[in-house]
Amino acid sequence: MARTIETVAEDLRTPSPAAILRKRIFGHYGLVFGIAVLAIIVALALFAPLLTPHDPYAQDLMARMKPPFWMAGSDPNHLLGTDYLGRDYLARLLYGARISLAIGLFAALISGLIGTAMGVAAGYFGGRVDLVVTFLINVRLAMPVVLVALAVVAILGGSLQVVVCVLGLLLWDRFAVVMRSSVLQVRDLEYVNAARAIGCSTRRIILREIMPNVVNNLIVVATLEMAHAILLEAALSFLGLGVQPPTPSWGLMISEGKQMMLFEPWLIAIPGVALFVLVLAINLLGDGLRDVTAPENRG
Amino acid sequence: MLMFTLKRLGLAILVTFTVSLLSFSLLFMSGDPASAIAGENASATDIEAIRALYGFDRPFLVQYADWLFGALSGDFGQSYYFRVPVAQLIGERLSTTMLLGVCGISFALVTAIPLGVAAAMRPNSLIDRTALFLSVMGQAMPSFWFGLVLIVVFSIQLGWLPPSGSSTWKHFIMPTVVLGYYAMPAIMRLTRAGMLEVLNADYIRTARAKGASETRVMFKHALRNAVVPVVSLAAVQMGFMLGGSIVVESIFALHGAGYLAWESIARNDLPTVQALILIFSLFYIVFTFLSDLVNAWLDPRIRVG
Amino acid sequence: MSEPVLKVDNLTIDIPMAQGTLHAVRGIDFELKRGETLCIVGESGSGKSLTSLAIMGLLSKKMRCNAARLDFSGIDLRKQSPRAMRALRGDRMAMIFQEPMTSLNPAYTIGDQLMEALQLHRPVGRAEARARAIELLGKVGITAAESRLSQYPHQLSGGLRQRVMIAMALMCEPELIIADEPTTALDVTIQAQILRLLADLQREMNMAMILVTHDLGVVARIADKVVVMYAGEVVEKGSAREIFENPRHPYTRGLLRCIPVPGKTKPGEHLGSIPGIVPSLIGKVEGCAFRSRCDVAEAACASDVPVRRTGEDHMYRCIHEVQAGAPS
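Chains as they are written, first to last, in this note's numbering: chain A, 498 to 796; chain B, 8 to 312; chain C, 11 to 338.
Derived from the structure by calculation, the hints contain no laboratory data. In this text the structure is predicted, and so the values were computed from the model without any measurement. Hints should not be assumed to be uniformly reliable.
As the list claims (entries may be wrong) - Here are the simulated distance ranges between beta carbons:
| no. | chain 1 | residue 1 | chain 2 | residue 2 | range |
| --- | --- | --- | --- | --- | --- |
| 1 | A | Leu-759 | B | Met-36 | 37 to 45 Å |
| 2 | B | Met-144 | A | Phe-760 | 23 to 31 Å |
| 3 | C | Val-198 | B | Phe-140 | 51 to 59 Å |
| 4 | B | Ala-72 | C | Gln-165 | 24 to 32 Å |
| 5 | A | Asp-572 | B | Met-144 | 28 to 36 Å |
| 6 | C | Gln-165 | B | Val-91 | 53 to 61 Å |
| 7 | A | Gly-570 | B | Glu-221 | 28 to 36 Å |
| 8 | B | Ser-102 | A | Leu-759 | 54 to 62 Å |
Idealized CB from N, CA, C, for every residue including glycine.
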């Protein structure tokens with residue numbers, strides 16, 4: 498009897514859930530844009546060897562600092578020009594996408610595993626476990642990420658693996674915070690209690706009853722943290738204490754171009770825009786997923 | 008209120024000690040600190056001498072306790088590179104970073120809160136979309152690259168602002184914008200979300216039913232309640248910003264603590280790095296502690312009863 | 011005969027929605043004199059709260075509100091600027107809401123909020139506003155009024171908060187007070203106290219009162235006039251006595267059947283209910299909206315429904331001409 502006109506109206510017009518989801522995804526321009534751009538960048542990174550004949554490491558000291566195609570004196574052989582060592586900028590950009598994506602992916606994976614384990618444990622068990630996890634989150638938040646990452650990478654040496662591990666070990670805080678609160682929300686719902694009542698093991702309850710209901714939030718945080726890791730790697734490499742030369746990292750390219758930005762601003766513009774577009778796409782994807790899957794947005 | 012303060016204070020102190028332990032153990036991550044100081048060509052006896060001199064031969068916890076008691080009295084040891092007390096080194100640089108941090112957070116708050124309020128007042132309007140656009144851009148923009156772009160445009164092309172240094176107020180404009188823009192999106196979004204939520208609250212309708220003007224409804228009744236989470240976020244962002252000052256200071260060659268951190272990391276000057284990590288953490292801890300107190304004061308549900 | 015405080019004629023409220031226009035309120039009319047209590051009765055979504063918000067000028071901007079007449083003490087509310095409406099609200103017309111738990115601002119003390127209600131409309135100092143606040147808290151039955159002023163809403167119980175809301179509405183001695191389900195969120199024992207308080211204050215201050223409710227038991231005790239709304243429409247209205255003694259519309263009869271009468275209703279007896287749900291009001295609404303749930307519906311109910319009048323003020327909207335006292 499207490500049903501309002503609105504809910505009734507909604508009932509009458511409700512199409513299938515799949516159709517609603519489809520409509521919500523395609524009705525969300527940011528999400529569509531994010532997916533499309535990210536797909537293009539991933540394709541460019543995967544097929545880099547097919548898209549450019551150049552080796553990103555090959556130096557050609559005779560053809561240094563060639564400008565990109567839109568400027569006078571450009572070389573059709575080097576569409577985006579060459580850097581101060583004569584390396585093809587397009588090739589470095591394409592192979593650089595691999596570095597950024599790999600770092601983002603693996604750092605998010607490591608931090609996701611750590612943060613999710615901590616957050617789920619804190620949310621599910623509560624009590625002392627929760628106290629300890631909350632305390633660890635506080636400690637982690639208090640540490641200045643850039644500074645600690647720089648220091649550790651400087652001590653251990655700047656290889657790709659080290660950067661990924663350091664970022665992975667530093668960026669788990671948001672996973673833990675979000676997972677903890679998500680699990681807290683579903684922990685005492687009827688169906689979880691029901692599973693407990695019929696004697697399911699804790700492991701089974703967490704994996705089968707709780708995780709499927711919080712996985713949306715997990716994916717959203719994972720995308721946002723991936724963008725975060727990519728930005729941080731670029732910043733570390735830019736400061737000269739991340740991935741080491743001659744690896745084609747976008748942050749490193751900006752750092753190398755910085756010496757000559759007075760005369761050749763495109764040297765920092767190209768990798769900078771690439772970095773910006775990649776991070777933008779991932780963020781839009783994450784924000785979009787959150788909007789689309791948020792239960793309060795239904796209808 | 009007293010209980011609340013004491014609890015938060017206890018937590019803050021515990022966090023500080025844990026961070027100090029972690030930043031101290033950094034020294035031992037590299038393996039043998041003595042050989043690192045001695046350099047690559049040092050003989051075994053040199054390394055042994057350095058080990059004894061710096062006390063690296065003692066147990067880890069003893070060294071930590073020693074360092075911690077020193078730190079508590081303001082003594083962070085000698086800088087390996089600059090050969091002066093670390094405390095003195097940092098003391099000289101800290102004011103620049105603090106100034107930058109205050110400017111940055113002020114810039115962020117002054118732009119983000121009005122934008123967030125305006126966006127919430129008219130969802131989906133032009134101003135809302137502009138605010139959203141600015142925040143999406145800000146979140147994707149690498150701040151070091153943004154800094155370089157500003158230098159290219161305002162220093163090289165237009166010649167309005169000095170590209171580096173810290174001698175006049177003009178030197179602080181671009182760093183402030185870069186640092187502030189980093190913190191702005193989150194504050195803007197939270198202000199907008201908070202205002203939207205609060206504007207739907209029943210007490211806002213009550214205020215309107217009393218005959219309060221829209222301005223009064225917005226600023227006296229809504230913002231006061233929406234600002235509570237923003238205070239915490241601003242404190243967190245301020246802590247992050249000081250930690251992130253390392254990037255901004257190195258781009259603009261501002262000789263603050265962040266720049267010092269970059270120099271000391273590049274030069275393997277571990278005592279300085281340890282001290283800086285501890286000090287930047289301490290800033291974050293103090294800011295969040297203060298913001299909790301401010302929040303408790305702003306929200307009578309915590310303050311009273 | 012005194013001039014009515016409020017005169018509403020053919021009030022409609024439309025809400026544009028993605029799926030079409032929702033005709034939430036369709037052609038309401040009633041009038042109210044000083045000292046009278048009008049009860050608007052209906053289930054959730056019948057448009058009764060929207061009607062009261064429309065009178066206060068508090069509808070959200072997305073909603074479209076039209077009326078042939080919307081007069082308050084000789085002032086045409088349709089033509090008032092937002093500024094003029096603001097001057098009326100809280101001063102000459104005041105409103106009490108359903109949710110006392112959330113209707114007070116958690117950031118300010120009771121005293122601040124009470125005094126604001128007066129100071130927005132009267133050029134009085136803090137001391138005077140404070141004195142008035144204490145006076146009214148006393149009036150609504152709050153003891154130790156002085157010490158309550160410095161308390162925050164979260165320190166008070168629901169019943170006390172609703173008393174504070176009432177005091178706040180009365181700060182400027184309004185001519186019209188609208189109470190939108192003021193007791194729904196409260197415990198049953200408190201409900202009775204608050205209603206008694208409202209009724210007493212209304213008589214004492216000689217206000218006109220609109221009480222929006224879905225509780226006919228409440229209506230029976232304090233109403234002078236009753237408007238029964240269904241799906242955005244007045245299906246029946248008249249003096250309280252007429253409505254209770256000679257209900258004509260099948261919906262009103264259905265509602266009355268749902269109230270147990272002490273001494274008459276036997277233990278375990280079926281209390282009656284109205285099966286079904288309110289139809290969608292999106293798009294054009296034709297015929298009687300109640301026909302899908304009505305026992306006596308006919309094919310003709312899908313077309314225009316006549317407005318019938320019996321006696322002086324008693325009006326209902328049904329194709330059946332029901333005899334007074336017909337079996338229900």
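Going through the hints against the structure:
no., hint, verdict
1, A:Leu-759 x B:Met-36: 37 to 45 Å, "holds (38 Å)"
2, B:Met-144 x A:Phe-760: 23 to 31 Å, "holds (27 Å)"
3, C:Val-198 x B:Phe-140: 51 to 59 Å, "holds (53 Å)"
4, B:Ala-72 x C:Gln-165: 24 to 32 Å, "violated (48 Å)"
5, A:Asp-572 x B:Met-144: 28 to 36 Å, "holds (33 Å)"
6, C:Gln-165 x B:Val-91: 53 to 61 Å, "holds (57 Å)"
7, A:Gly-570 x B:Glu-221: 28 to 36 Å, "violated (60 Å)"
8, B:Ser-102 x A:Leu-759: 54 to 62 Å, "violated (31 Å)"
Going through the hint list in order, the structure does not satisfy hints 4, 7 and 8.
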